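We have chain A already, so just place chain H on it with the hints.
Protein chains in written order, with my numbering: chain A, 911 to 1379; chain H, 911 to 1379.
Among the hints, a few may not be true.
It does not matter which identical chain is meant; a pair holds if it fits inside one copy or across any two.
With a straight-line cut-off of 25 Å between C-alpha atoms, the simulated SDA-like cross-links for lysine to any residue are [claimed, not checked]: (1) Lys1131 with Ala1211; (2) Lys1131 with Ser1266; (3) Lys1276 with Glu1024; (4) Lys1255 with Pro958; (5) Lys1131 with Ala1327; (6) Lys1131 with Gly1351; (7) Lys1276 with Arg1324; (8) Lys1037 with Arg1161; (9) Lys1315 with Glu1190; (10) Lys1131 with Ile1326; (11) Lys1255 with Val1285; (12) Lys1131 with Gly1013; (13) Lys1037 with Gly1163; (14) Lys1315 with Asp1081; (15) Lys1131 with Leu1166; (16) Lys1131 with Gly1077; (17) Lys1131 with Gly1163; (18) Lys1131 with Arg1150; (19) Lys1037 with Tyr1162; (20) Lys1131 with Asp1352; (21) Lys1276 with Ala1316; (22) Lys1131 with Arg1075.
Just so you know, these hints were derived from the structure itself, not from any lab.
Remember, predicted model here, so these are calculated numbers, not experimental data.
There are 2 protein chains.
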Amino acid sequence: MSNTFNEAATSPPSRVAGLSALEARFGGRFSRGEAIRAQHANIVSWHPVQPPDAVVFPESVAEVSEIVRTCAAHRIPIVPFGTGSSLEAGCNAPDGGVSVDMGRMNAVLAVHEEDMDCVVQAGVTRKQLNAHLRDLGLFFPVDPGADASLGGMASTRASGTAAVRYGTMKDNVLALTVVMPDGSVRRTGTRARKSSAGYDITRLMVGAEGTLGIICELTLKLHGIPPAISAAICSFPDLRSACDAVIMAARYGIPLARVELLDDVQVRACNAHSHLGLAERPTLFLEFHGSDAGVREQATAFGEIVTECGGGDFDWAENAEERNRLWQARHDVYWACLELRPGSKFIATDVCVPISRLADAMVETKRDIEETGLVAPIVGHVGDGNFHVSVMGMVEDAGEMARIKAFIDRLNARAIAMDGTCTGEHGIGQGKQDFLLREHGDNVLTMRAVKAALDPLGIMNPGKIFAPA
Amino acid sequence: MSNTFNEAATSPPSRVAGLSALEARFGGRFSRGEAIRAQHANIVSWHPVQPPDAVVFPESVAEVSEIVRTCAAHRIPIVPFGTGSSLEAGCNAPDGGVSVDMGRMNAVLAVHEEDMDCVVQAGVTRKQLNAHLRDLGLFFPVDPGADASLGGMASTRASGTAAVRYGTMKDNVLALTVVMPDGSVRRTGTRARKSSAGYDITRLMVGAEGTLGIICELTLKLHGIPPAISAAICSFPDLRSACDAVIMAARYGIPLARVELLDDVQVRACNAHSHLGLAERPTLFLEFHGSDAGVREQATAFGEIVTECGGGDFDWAENAEERNRLWQARHDVYWACLELRPGSKFIATDVCVPISRLADAMVETKRDIEETGLVAPIVGHVGDGNFHVSVMGMVEDAGEMARIKAFIDRLNARAIAMDGTCTGEHGIGQGKQDFLLREHGDNVLTMRAVKAALDPLGIMNPGKIFAPA
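One chain only, chain A, in its complex shape (with noise of 0.2 Å):
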């Protein structure tokens, strides 16, 4: 590992002449402007605020490169930038710096289509690479709800509705073109399906936050946009059966493309909000991915499953249109909090626990929201285990923040104790630093050594993951 910087130049830190250097470098595509500044930081959660001293916007990667050497003889933190929606203040700039945005780095490189892969720019955003795709067939299947940027997609390890049948972002990675924190550009794999040719640096890299190095290019899975697609929506008594429905299906082997549970707090808030009239119980939302006769077989090898654990009201659509119609209240979850409690903030949490343990995990929130006095739905990536609780909160209401973030905490020692994680696709960033410890323990000091080793400055997204040193 080369790190050779000028020292000369580097002591003592000069900040001010390196971010000069890189204004006079990139001229109008490097800005100090408050507005611009104000956006590439925590933009969509809770989170303080915490901008940059700069953002900069590369247009290859040579030119990330050459932001991150003079970064690195400078000692200026960076921070890489996609769309900022990162709900754990994944882009803040606690210690400033510079904000590297990604978005001019937006081009599809490649799709090689009878390999089901393509090349992309970090920039690319999901929603913008399949529609490139979808005149061919194919898809990216990772939908984390916000059209985010793949990198930071990557970065966070994302996953979504869909991660249940297609994985998360670790498992549609082939490979990264990565600059690393002392500029050097290095590749991290090929475009084999598999390899066992030394150290896994791509699953290394892929839910770093952009601690060990700013993703650029990858190398993504395509998958077949399947010959038939049907939905389905249907209400259980209790959060107990709907989780039991669930763990039966996966027994089985029925594939279930997407399977999202919503609590009847969650329902009453998308009833209001999307003017559904559906029944104010806990409700799975479904998606079948197949041939049309597996599509078939799985619906119906699905319904005897839910009949079997005492729900009902199924309401099934197999045209794009219908399906878009009963999915709309899971899609417009978020907007349909916010008006739950207006003036309120979405506070977010995404614990995953093992699914034999979902049930309790569920019951024992819920109790807990109701004990607290909190206006918190949930909703579940359920065939994965993962669930979140949007806490609506007054943000400037210091006792209502002191319970809420009370609640948090048994929320996550719950999930961590039950064998779970504090996060199942959100990432650490600022808001989890603790958690990380707890459900880690010295395993955190591992990630330290890594670290450490593959950022001797400290400048890669200072402050995430990690509490200060």
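The following block gives chain H in isolation, referenced to the frame of chain A:
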């Protein structure tokens, strides 16, 4: 990362004293016997045999930790040992030291039926695990052929015939308990199906070939035994049309559970060994998993593709006995190859390319085999683009071995030039260190930095993956 050793005890290194300490501590579970040492080295492949100084047989994670602490204090190389089925001499001890035989740590610690996961000690073999699971209707799908230990399979990122459907060890390990090079015990994950909590140390350890620590326990994903399984064999006029059929199947979303391609030479060898009477043409061995109707639908759809690609000579089997009869030839490839040229050694190769290049890679390689004058059948896990040329070589013949090494060099260069890998599943070990460099370039510097950070003394399986510094 704490790597605090007793400097007094280690300067100068006193390997003799360290070995004596282990002998005093482990008594009958420590051996310096020549036969035992010879069994704990490369035992299956053409690489030289380099035995350790001693072998120790721990029975618990605590004992492994104690062994590693002792070895670290005395700078004694540590070579983790599973069943010794490594094809790239991963078990060799080029610098001597202690082979840590995990064979006594062979307990299935827990099976969680509802979660479809299990926790096993590293010495459990895959067949042992599947025997344990059978009555529960569950199975562990990764099948590299040999009845390897699960710790060893994780260490080489093993895969095999069913990876096209169920993934490799990378995809089927949820968490590990690892003894790190300083003796500390770390758990790398939880039983949650997915997590975004920090760096993916699990995937860093999978494929690290024991160079970053000793895998002691594994939490593994399980799968439901499918209600229906059917198998088929069909032959093709040439390699390209067989590959085309597999590409089309993937494109149409037919979830082939196994798909193996044998070239004409391999079929001839299998005919001779297993008395099969198959047409000596490129032949696909297939397995379909699903519901009764699903398996029939898959088989019908694949049959149409085969016809379109000019294949035929179908032989189908739905019951277990018939399936075994069909697949026996595939399973006996190793023995069939040895019979093909009595007195020769089996020299394994393991390239993997994007599937669009598979036919090119195989056809060019076949021409190279013929021009070089080698006896070298080909068998491929073609759904992943992975194929093995089994070069049957007279290892005492220096001239022949030089020709074989040059052939292997061209084979790996060809795969790497096609954006593929020099090893789909065997690992780097001692045999592919040059190819790792050619494939990964400076990304190997990242790997080396991680190695130096986690194993600063360089005691974990030295001489593997990386050429000695």
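Here is what the structure says about each hint:
1. Lys1131 with Ala1211: Answer is between: at 23 Å across copies they meet the 25 Å cutoff, but 29 Å inside does not.
2. Lys1131 with Ser1266: between (30 Å within a copy, 14 Å between copies)
3. Lys1276 with Glu1024: between (48 Å within a copy, 22 Å between copies)
4. Lys1255 with Pro958: For lysine 1255 and proline 958, only the intra-copy Cα distance (12 Å) is at most 25 Å; the inter-copy one is 66 Å.
5. Lys1131 with Ala1327: between (34 Å within a copy, 20 Å between copies)
6. Lys1131 with Gly1351: between (33 Å within a copy, 23 Å between copies)
7. Lys1276 with Arg1324: Cα proximity of lysine 1276 and arginine 1324: one copy only (12 Å, versus 58 Å across).
8. Lys1037 with Arg1161: between (32 Å within a copy, 21 Å between copies)
9. Lys1315 with Glu1190: neither (28 Å within a copy, 70 Å between copies)
10. Lys1131 with Ile1326: Cα proximity of lysine 1131 and isoleucine 1326: across copies only (19 Å, versus 31 Å in one copy).
11. Lys1255 with Val1285: Intra 11 Å, inter 70 Å, cutoff 25 Å: intra-copy only.
12. Lys1131 with Gly1013: within (22 Å within a copy, 37 Å between copies)
13. Lys1037 with Gly1163: between (29 Å within a copy, 22 Å between copies)
14. Lys1315 with Asp1081: Answer is neither; intra-copy 32 Å and inter-copy 34 Å both fail.
15. Lys1131 with Leu1166: both (20 Å within a copy, 17 Å between copies)
16. Lys1131 with Gly1077: Close inside one copy (11 Å) and across copies (13 Å); limit 25 Å.
17. Lys1131 with Gly1163: both (23 Å within a copy, 14 Å between copies)
18. Lys1131 with Arg1150: between (35 Å within a copy, 23 Å between copies)
19. Lys1037 with Tyr1162: Classified as between; 23 Å across copies, 32 Å inside a copy.
20. Lys1131 with Asp1352: Classified as between; 24 Å across copies, 33 Å inside a copy.
21. Lys1276 with Ala1316: Only inside one copy: lysine 1276 and alanine 1316 sit 15 Å apart there, 66 Å across copies, limit 25 Å.
22. Lys1131 with Arg1075: both (14 Å within a copy, 14 Å between copies)
Against the hints set out earlier in the document, violations occur for numbers 9 and 14.
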